Amino acid sequence: MTDFLALHAEIIITLVKIVLLLFIVLTVNAYLTWFERKVVAHMQTRWGPHRVGPHGLLQPLADGAKFLLKEDPTPEGVDKFTYFLAPLMALTLALTSIAILPFGPNPIHIFGRDIFLGIVDLNIGILALFAITALSVYGAALAGWSSNSKYPLLGGLRSSAQMISYELALTMSVVGVLLMAGSFSLRDIINAQAAHPERGILGWNVFPQILGFLCFFTAATAETNRIPFDLAEAESELVAGFHTEYASFKFAMFFIAEYTSMITISALCSIMFFGGWLSPFPASWTFAHYLPSAILIPFGLWVIWDGIRYETIFGRIILPGVGAVMALIGALLIVFPFINEFIQGPFWLLGKILFFLFFYVWMRGTLPRFRYDQLMSFGWKLLLPVSLANVVITAVVIMVRGH
Amino acid sequence: MNAPLIIFFVLAAIAIMGAVNLILQSHPIHCALSLIVVMVALAGLYLLMGAEFVAAVQIIVYGGAIMVLFVFVIMLLNAGAEERTNISRLAGIAGLPLAIVLMGFIAAAVAQSTDRVQAAAQLGAPAPTKALAGLLFQEFVYPFELTSFLILVAILGAIVLAQREKN
Amino acid sequence: MPILDNLWIIPLLPLLGSAINGLFGGKWTNSVVNYVAVGSTGLSFACALEAVREFSQLTPQQIPFVKQFFTWIAAGTFRAGFDLQVDQLTVVMLLVVTGVGWLIHIYSTGYMAHEGGYYRFFSYLNLFMFFMLILVLAANYSLLFVGWEGVGLCSYLLIGFYFLRKSATDAGKKAFIVNRIGDFGFMLGMFLLFKTFGTLDFVPMFAKAVPMPADAMGQMGTLTVACLLIFVGATGKSAQLPLYVWLPDAMEGPTPVSALIHAATMVTAGVYVVARSHVLFMRAPSAMLVVAIIGCATAIFAATIGLVQTDIKKVLAYSTVSQLGYMFLACGVGAFSAGIFHLMTHAFFKALLFLAAGSVIHAMGGEQDMLKMGGLSKKIKWTYITMLTATLAIAGFPPLAGFFSKDSILLSAFQSENGGHVLYAIGLFTALLTSFYMFRLIFLTFFGKQRYDEHHVHVHESPKSMLVPLMILAVLSLVGGWLAAPAFWGAPDYFAKFLEPVFAQGGGAESAAAESAAHALEMPLAIVAVITATLGLGIAYWLYISRPAKPAELAKSMKGAYTTLFNKYYVDELYAAVVVKPLLWLSTKVLWQTVDVQIIDGAVNGIAHGTTEVGDNVRHAQSGSTRSYAVWVIIGALVIIAIIFWPYLKPAAVGMVR
Amino acid sequence: MVPTHYYLVLSAILFGLGVVAFVFRRNIITIFMSIELMLNAVNLAFVAFSQAWNRLDGQVFVLFVIVVAAAEAAVGLGIIILIQRNRQSLNVERVDLLKL
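Residue numbers (my numbering), protein chains in the order written: chain A, 1 to 403; chain B, 1001 to 1167; chain C, 2001 to 2658; chain D, 3001 to 3100.
Treat the hints as calculated values from the structure; they're not laboratory data. From a predicted model like this one, the values you see are computed outputs, not experimental measurements. Just so it is clear, CB atoms sit at the ideal spot from N, CA and C, and this is done for glycine as well. It cannot be assumed that every hint is accurate.
[Claimed, not checked] One-sided and incomplete, this derived list gives chain D residues near chain C with beta-carbon spacing under 10 Å:
{"no.": "1", "residue": "R3026"}
{"no.": "2", "residue": "V3067"}
{"no.": "3", "residue": "E3093"}
Throw the hints in and build the complete structure from the sequences for me.
Right, here's the structure in full:
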């Protein structure tokens, strides 16, 4: 047994990692829906979900259950194989892209092994990501076509055209960053931003690459078919777009795929333009390392305080518990500095990802949807030229400064 | 039987099956899907040979752009399963044997002719993308520019062809 | 040395002017065109002066000063570079071309003021300046040939300037074609020279040529042949027998053109080339003799024709031809410096004559026939005075330019060993004729009673812009000869001294002994020449002033001679019969109707028909079915692969067979 | 370490399959795809050689081939759309006349 472990350690570790990551991502997905609904609701001065569990915290579970238990009809005259393939493809690709992201700078030491955060560390990471994004078009397109129905077909056409168009801008806008880092590997890109630790936030790519960032974020939003680029599933025009004919779990697959790609894009944004796991403060400010606890403890205390006055018994039990756990973790971080040191990277990365997710939701709450011709002309006539210009400028600057 | 060899055979099998499927399937969309499979398998082979960049480009451009275009057109024209006409006698009779002969020819030829290549073949060091870029932008810069021109022409041509003549 | 190091500036300026005027001049007013044209040539004249100043500071070792700008043709060992060269000879030509050219530009602004195509005229004129400067500055035959052809082109353009007049276009074509014949000879000469010396650059070629032994008299050595061929070119360009025919017709062009191109500069290019290649000529005595004879013959031939012409410009044209004959005579007897000297003085007074004639024509409102003039001396005083000066100069009255130059030519002719005295006698007689017909021109034009009616033409003096150049040229043709004056009281002849380094190379300059002999001869010959000139003047006076009826009687009494002369010895008719008619027949009957129509077109049509036939038969293979095409493609691919990979496939194939 | 001629034979087979598809399919789009398949086979050979000789030129050529394929796809699909529009059929055997 043990020698088996010793022999195939790498494989086993990777498998474990995969399982963990899957679990985390799916949970996050579920709570992302809750988060989105809450935020949008508050933007529209509603309560949002608050029946199921305290603050509707159990809503995602309910939704999941619903997805699993509902009947799954297959419409007449669909192309069976493709009809099943489409959501599978979408979900698989979306989840795969997560596997390429690194989540922390330094590996964990367990069982005398270095286990770095993240499943694979490709030296062509960003390219691989783009490859996967490129393939993820098929999810929508095939779904639309195979459903053998008008609205999905239109949705599929729209999404495929849209994604091809914006992929150009997406790829182009990153070239600037790649030129500055001189590598495709996400790690290298982050380390390149850490070249001057004393500068802190000023070392990030956003400032030199602001154009690139704007282009990238816009194009990425379009790639994920999110508002304001969600023409593929425009409720008001196409019922539900390419997944009109899908129900229950197949529908859930599309859903999860979309949210997962949101997470991926947010992670990419923060890695490539916002210094990934780097702290915004100069390296000399060591006290900034206590920021996690400085956030967790008060928040935990607030949750406790909020929980004891909660109307339902259930809430009065759960919320203080959660708060207590948070506060406890915060305290632990102070007590065990090495954990604190280790937690820094992931903390900042997750923080940034969270921010971008919020930004997504925010946009959804704010922006109206593009008209299709606007979408196309925007992508081809504005985004692409700007990103190209960004590439040229960056290249020239780099050449002049003689890197 | 080492790991790369196993991987090679798996991928090769996938590729060939995909290609065969391309021939057998009757609906263009399925053909397109099987072609995509072939392409992904080839990308895997490129990775195996250490040509990461080419592999990525293979998937991004072929899988993500060209084939999407095909699928798009198929959806646009709503092309159904192809009808079984058999007007061209010649193709029906001479096609298959000739094609097989051709295949055998090429296979035999390369198999016979690659012994020298074999002598020269070293372990495929992972192709540094930097070196590739250098080659592409210095030695092959004029062809490169020409290709850009080619693409421009292609865009114009596509627009001209696809737009409905206004009358 | 700003200019010498950038010699290209000098020719470039006129080219720029030409380009600007040619491209934009059409929309501009005449004054703007004037500024561009006159300004560019004036600048280039200034540059030439500066160049000469810098040239004067060079040490003898640096002369000839050659500068290579860029290689223009490079094939094997052959290199034709855009190389410019300056030596004393070039300096003289440079000054003459730019200076006289500039004056004539100024004159033209007045003369052409009322003509259409003003900008076109000046564009052509500047272009001509450019090519002429290239010609004189060139450091190798190939570049010289460029200028040579270029001036030919410009002359064609300018002769045919009034392209609506058929006679003008015909004259242009005539000039062009006749020049072609000469140029053909010139090219052959160049090829022969390249074959012999392996280079076309002057300096190395002459360096190679100097040690070569001279061909004996009457021996047809390489050098002799080459020289003769080059001389053929010269006869074409400089209107010598038998190719002189184009020059009189060239008078169809505007008068300033006749002055600049067909009197002062272009037509002297032939003389320049002969002088430039004197090293070769010195080693080909028989070629020299031919040059001398041709020159002499042309001189008297043209002069005789000039006697009876009534068109004022025609007279001048023939006199030009005969003066050019003088120059070749000089070159032929080895007195190159004398030839160039006469070239210079002739440029002055002949340009002046033409311009004055132009002024007369201007005054008469376009009338060119001298019989319809007369008694103009009062009405257009300045023109009269300047023209008279020029006439005295060309007739060879001391102390005007013509006297010195013509005298030195006659002297060297007299001295030359082979047949010198004959040449001298003819030259002298020609001088007599010259002075006669020139004064005939003067008297017919300016004296006697007026033979035009006052009502149609109101005679008026020309504007300043025309008169000023006339005066300048008059002064030049007055003093231009004094460079050579010292020769008379035994002092060195400045001009010859100046040119000596050039012509010494070929052994062209006279030896000391000859010098002294020359001084001994100088005086008597000069006196003889003056007497001759006066005689001519006297006869002219007697015929056209005191006994105005006489000429007609004479013409009647010796009718045959008169008509022959009047019709220029029927040379044109002769050429027409001997050359033109057969050519026309050949090209229409043989080349056009047989070769082109039947053979070439037949072949083309035949191919077309054949193709259609084949197509009709092959068409059936085109089933239009893509898939069968694909099969064909496969078959082709199989064949090709089989061929390529046969060596590798052989073992497999053999294995299969076994 | 995979011997080079494995790759070459594989590419030969794929190429041959492409040819077969070209001859046997009647749908223009599919025929077009079979062309792409052949191109891919050639690419494989290119990369295999570039690895065999340890030179990158082969990969550069692959990039060029991909570019050409993209351009070709754009124009070709445009043409296909036209054909469908004018002849209401995608069957090559129905498209055998030069004029409608």
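Okay, the hints, checked on the actual structure:
no., hint, verdict
1, R3026, "7 Å, holds"
2, V3067, "24 Å, violated"
3, E3093, "6 Å, holds"
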